[in-house]
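If you're matching them up, the sequences are chains B and Z in order.
Just so we're aligned, residue 1 is where the first sequence starts under the numbering used here, counting upward by one.
Just so we're aligned, residue 1 is where the second sequence starts under the numbering used here, counting upward by one.
Please note: incorrect hints may appear among the correct ones.
According to the in silico footprint, chain Z covers these stretches of chain B (three or more CB under 8 Å from chain Z) [unchecked claim]:
id, region
1, 62-75
2, 120-133
3, 168-174
4, 234-240
25 Å max Cα-Cα, derived SDA-like pairs, lysine to any residue [claimed, not checked]:
id, chain 1, residue 1, chain 2, residue 2
5, B, K50, B, D191
6, Z, K157, Z, S180
7, Z, K39, Z, V430
8, B, K159, Z, Y140
9, B, K50, B, G313
10, B, K159, Z, E133
11, Z, K39, Z, M435
12, B, K159, Z, L402
13, Z, K99, Z, L51
14, B, K159, Z, G350
15, B, K159, Z, D33
16, Z, K157, Z, A141
17, B, K159, Z, W409
18, Z, K99, Z, A167
19, Z, K99, Z, A343
20, Z, K157, Z, L134
21, B, K159, Z, M435
22, Z, K157, Z, L281
23, Z, K157, Z, A167
24, B, K159, Z, G40
25, B, K159, Z, D346
26, B, K159, Z, K39
27, Z, K39, Z, F27
28, Z, K99, Z, I443
29, B, K50, B, A39
30, B, K159, Z, T279
31, B, K50, B, A276
32, Z, K157, Z, A343
33, B, K159, Z, V406
34, B, K159, Z, L134
35, B, K159, Z, V282
36, Z, K157, Z, V275
37, B, K159, Z, I443
38, B, K159, Z, E421
39, Z, K99, Z, G20
40, B, K159, Z, F27
Don't read these hints as lab results, they were simulated from the structure.
Every residue, glycine too, gets a C-beta built ideally from N, C-alpha and C.
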Amino acid sequence: MLSLLLAFPLLSAALALLFPRRARDIALAGALALCALAALSLWSFSLATKGFQLLERIAWARLGSVEIAYHVGVDGISYPMVLLTALLTLVAVLVSRREIHTGEAGHYALLMALCSCVIGVFVSLDLVLLFACWEAVLVAMFFLILRWGASNRAYAAMKFLVYTGIASAALFISLVVIAMATGSVDIAAMDLSHLSPALRTAIFALLLFACLVKMPIAPFHTWLPDAHVQAPTAGSVMLAGVLLKMGAYLLLRLGVGLLGDVVAQWRVFLFALGCASAIYGAFVCLAQSDLKRMIAYSSVHHMGFVLAGIAIGSSLGVTGAAFEMASHGIIAALLFALAGLVHERTGTFDMDALRGLAQRMPRTAWLLALASFAAMGLPGMTGFVGEFMILVAGFARFGPLALLMVPAVLLAGAYVVRMLSRVVFGTGTLRASEGGASPLPFGLLAAATLLVGIMPGLLIGIIAASTLT
Amino acid sequence: MMPNPPLPIASLPPIATAAGLLLLALFACAILDVGGSRKGLRVAALAGIALALAMALALPWIPRAAGPGIAHLLREDAFARLFAALSLTVALCVTLAAKERPGSYTCATLLTALGMVLAAAAGDLVVLYLSLELVTLSSYALVAYGRTRERMEAAVKYFVAGVLASALMLLGFGLLIVGSGTSAIAALTLAPGPVGLLALGAIVAGVGFKLGVFPFNLWMPDVYQASDGPVSGLLAGGGKNAGLAGLLRVMAAVALGVPQWRIAIAALAAVTMLVPTVTALVQRDARRIVAYSVVAHGGMALMGAALLTPLAVTGSLALACALALASCGAFIALGALASHGLASLDELRGAGLRNPLLGACLTLCLLSLAGIPLLAGFSGKLFLFYAIAQDGMPWLAGLAILASAVSLWYYFSIIRALYAERGSGKCYEVGHGTMAALLACAILTIVLGVYPEPLYRLATMAAGALF
Chain B
1 MLSLLLAFPL
11 LSAALALLFP
21 RRARDIALAG
31 ALALCALAAL
41 SLWSFSLATK
51 GFQLLERIAW
61 ARLGSVEIAY
71 HVGVDGISYP
81 MVLLTALLTL
91 VAVLVSRREI
101 HTGEAGHYAL
111 LMALCSCVIG
121 VFVSLDLVLL
131 FACWEAVLVA
141 MFFLILRWGA
151 SNRAYAAMKF
161 LVYTGIASAA
171 LFISLVVIAM
181 ATGSVDIAAM
191 DLSHLSPALR
201 TAIFALLLFA
211 CLVKMPIAPF
221 HTWLPDAHVQ
231 APTAGSVMLA
241 GVLLKMGAYL
251 LLRLGVGLLG
261 DVVAQWRVFL
271 FALGCASAIY
281 GAFVCLAQSD
291 LKRMIAYSSV
301 HHMGFVLAGI
311 AIGSSLGVTG
321 AAFEMASHGI
331 IAALLFALAG
341 LVHERTGTFD
351 MDALRGLAQR
361 MPRTAWLLAL
371 ASFAAMGLPG
381 MTGFVGEFMI
391 LVAGFARFGP
401 LALLMVPAVL
411 LAGAYVVRML
421 SRVVFGTGTL
431 RASEGGASPL
441 PFGLLAAATL
451 LVGIMPGLLI
461 GIIAASTLT
Chain Z
1 MMPNPPLPIA
11 SLPPIATAAG
21 LLLLALFACA
31 ILDVGGSRKG
41 LRVAALAGIA
51 LALAMALALP
61 WIPRAAGPGI
71 AHLLREDAFA
81 RLFAALSLTV
91 ALCVTLAAKE
101 RPGSYTCATL
111 LTALGMVLAA
121 AAGDLVVLYL
131 SLELVTLSSY
141 ALVAYGRTRE
151 RMEAAVKYFV
161 AGVLASALML
171 LGFGLLIVGS
181 GTSAIAALTL
191 APGPVGLLAL
201 GAIVAGVGFK
211 LGVFPFNLWM
221 PDVYQASDGP
231 VSGLLAGGGK
241 NAGLAGLLRV
251 MAAVALGVPQ
261 WRIAIAALAA
271 VTMLVPTVTA
281 LVQRDARRIV
291 AYSVVAHGGM
301 ALMGAALLTP
311 LAVTGSLALA
321 CALALASCGA
331 FIALGALASH
341 GLASLDELRG
351 AGLRNPLLGA
361 CLTLCLLSLA
371 GIPLLAGFSG
381 KLFLFYAIAQ
391 DGMPWLAGLA
401 ILASAVSLWY
411 YFSIIRALYA
421 ERGSGKCYEV
431 GHGTMAALLA
441 CAILTIVLGV
451 YPEPLYRLAT
461 MAAGALF
């Protein structure tokens, strides 16, 4: 099942290259098929299984005595991410149809390959396979930004590459250390508990660095606004929606999963770092005049919450973090897709120039309001559930220290209201219309926002299969 | 009933046969060149190399014949086979790419390939010396091909450095032969004291000249940058590895019991991979950047010679094979671009978009050199870095990973130039031969990246044959 999910996008990428004139339709068909497959896989996913399921394993190569395998499987933490990737790939293909006009075949092939590699990161149960997919994601996103980005794209692509490349080197070192120390790279069967505390701390520090850059957490976040602002809309959707989650996922999988006691030692530090990043991200959002840049920084804000949830480490905190990852994926994708549409119709991301959007593009404006409220954490939408779980878990774990999270929550409201008051409401001289835009990508994401917000049990059920003790 | 007699082919010693086939092809080419048949010459050369390659590769499946009387001169082992296969694959690509070149060019390529095959199989110091000289001498001519000012200058530099290296190598070999009373590599012993150290030092310098060991690598960037694309490809993919093979053979014979050498070679390897990596960061010529990276990769391969454990040597061999194809492909593509006046990063702007297939192959080769997973370069680096860390020098592996991470910047600055903008240049065409060679390099790079097991197995067998 999982191999099909990996192979389908790759197949459509190859087909798109072979038939460049039909590339966009091939990609759409591939994305639709992927979503259908992902939906089908819901039936084979068992909520009663705590560990990994849907396993597949084929021997791949040997490094001396270390056996590398193509080993895939999912659990409650990775499975929602796989579903999210499938959904966002469809959205990314749909929003590309109006935006991408040069080198279509290459764009869709890269997008589908990217999707395959991201799913690969989430389902890999072999460290080498995971690293291979992790790097491939980096390269695919580099090309998406470099080739189809905005005017300053070369700079943004190189900056993205340098930051995440250094993170990858840290991840690679920790991979080699783990392979040396345990003689195995199989995540499902890995046991790091017999290693010396110093080695465990070193491995965790390397992993943590890689994840913090990727998530990103301040002060390692400066690649993110450039990459986001310069990337094409589809790139931003994937970047914010799923690529940032790779860091958080790895921290959950290898950090909490295998080095739980080190995480516990570093708990207060990580929690404070997460909260600081969330507060910092929110403050920077308040200072932006560029809509896309503001949305980009809101990712720093939300990923700060995710880190806080991971740091809390209780089953409620981890569930909250995993929930927040999925929910932010949906919301950020919706925000970026809307920003892309607004830019396509108005030619600007400048908030002052966009004043009065509700008069010219009412549906877009209301969707923007909906997505923003979801990002702010309004009850009834997905954003609320994850943050609420993290808040409750935080107070249960840390007591008064958890008050650190309060300004982060409040500031989210502030930057959202500021943005909405400037962009959506008020009267301006904007000339634009929203006719002709396909409502499908926006409708899908808005529906997902509301559905998961109103019935969070659907998602919590999947996550809790693995996180409940 | 009598058992079937073995097939006649089975009784042929593969390396000697491959060398014979190359010689045969060389004679055929020389005659055809005089006769003026360009097409026949190409066919003869390609057929000769392909047959020799088949001979080298097919050996595991053919029962080993007892070697003829020269077995002590030419070792028919897995180590020789791996390098023969590697050199001949590179030579095949180069010959494919050199379609428009004169017959003498092809003949020199064949002669270089012959030298590379013999160097890896050498069982005797004299054979090793002669075959390395064969590689060097025939490639002087190749470097000077075209006789532009730049190439003549590069050839002279190469020559002067090469003569010095030959002298050092002779000195080292001579001291070894005197000290151990034989020239057979397997029976060599290292004299204790300063004489032994001098011998080993001279050998590391002289043989390391081919591999590009610091500081005997100053000629490399100039030569790789100025030469015709296929020539740079041949030197980077094959000539360099002939040096590695020779060095490993001698080191495995004499340096195993000398622990203080481990740290010296390790330091040399570290300097060899770090200095060019930093130097490459400020270069603006794409071929020069790749040249520096090839030197750095030579330093990485040297790490195996520092540790001299089966695992570490396997890693070195895997890396050398994995990167040979990528560097050969990169030089062929960049050479083709340079012949259209596109050499510096500024001139290369948008070049990848104007010829998508060439751009894609070049990008794949560069990504492989950068060590991006699912390409051969990553397979090699993964094994090598793991092996070095596992067998006792984690700090060296750490430095190699650092060098590898830094190298991302300059590979990607070439890729950035290729794709960032359309550029103002006009469209350009490259020959079918060049395209075929590039595709071969790119496809092999992907295959060995996705499924590295054959590479690992051959390298393990080859390393096993050394000890």
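Hint by hint, here is what the structure shows:
no.	hint	verdict
1	62-75	holds (count 4)
2	120-133	holds (count 4)
3	168-174	holds (count 4)
4	234-240	violated (count 0)
5	B:K50 - B:D191	17 Å, holds
6	Z:K157 - Z:S180	34 Å, violated
7	Z:K39 - Z:V430	19 Å, holds
8	B:K159 - Z:Y140	41 Å, violated
9	B:K50 - B:G313	17 Å, holds
10	B:K159 - Z:E133	46 Å, violated
11	Z:K39 - Z:M435	18 Å, holds
12	B:K159 - Z:L402	18 Å, holds
13	Z:K99 - Z:L51	19 Å, holds
14	B:K159 - Z:G350	20 Å, holds
15	B:K159 - Z:D33	53 Å, violated
16	Z:K157 - Z:A141	13 Å, holds
17	B:K159 - Z:W409	10 Å, holds
18	Z:K99 - Z:A167	35 Å, violated
19	Z:K99 - Z:A343	21 Å, holds
20	Z:K157 - Z:L134	18 Å, holds
21	B:K159 - Z:M435	32 Å, violated
22	Z:K157 - Z:L281	23 Å, holds
23	Z:K157 - Z:A167	16 Å, holds
24	B:K159 - Z:G40	52 Å, violated
25	B:K159 - Z:D346	19 Å, holds
26	B:K159 - Z:K39	49 Å, violated
27	Z:K39 - Z:F27	15 Å, holds
28	Z:K99 - Z:I443	20 Å, holds
29	B:K50 - B:A39	21 Å, holds
30	B:K159 - Z:T279	20 Å, holds
31	B:K50 - B:A276	33 Å, violated
32	Z:K157 - Z:A343	21 Å, holds
33	B:K159 - Z:V406	13 Å, holds
34	B:K159 - Z:L134	46 Å, violated
35	B:K159 - Z:V282	17 Å, holds
36	Z:K157 - Z:V275	20 Å, holds
37	B:K159 - Z:I443	30 Å, violated
38	B:K159 - Z:E421	17 Å, holds
39	Z:K99 - Z:G20	24 Å, holds
40	B:K159 - Z:F27	55 Å, violated
Going down the numbered hints, you'll see the structure goes against 4, 6, 8, 10, 15, 18, 21, 24, 26, 31, 34, 37 and 40, while the others check out.
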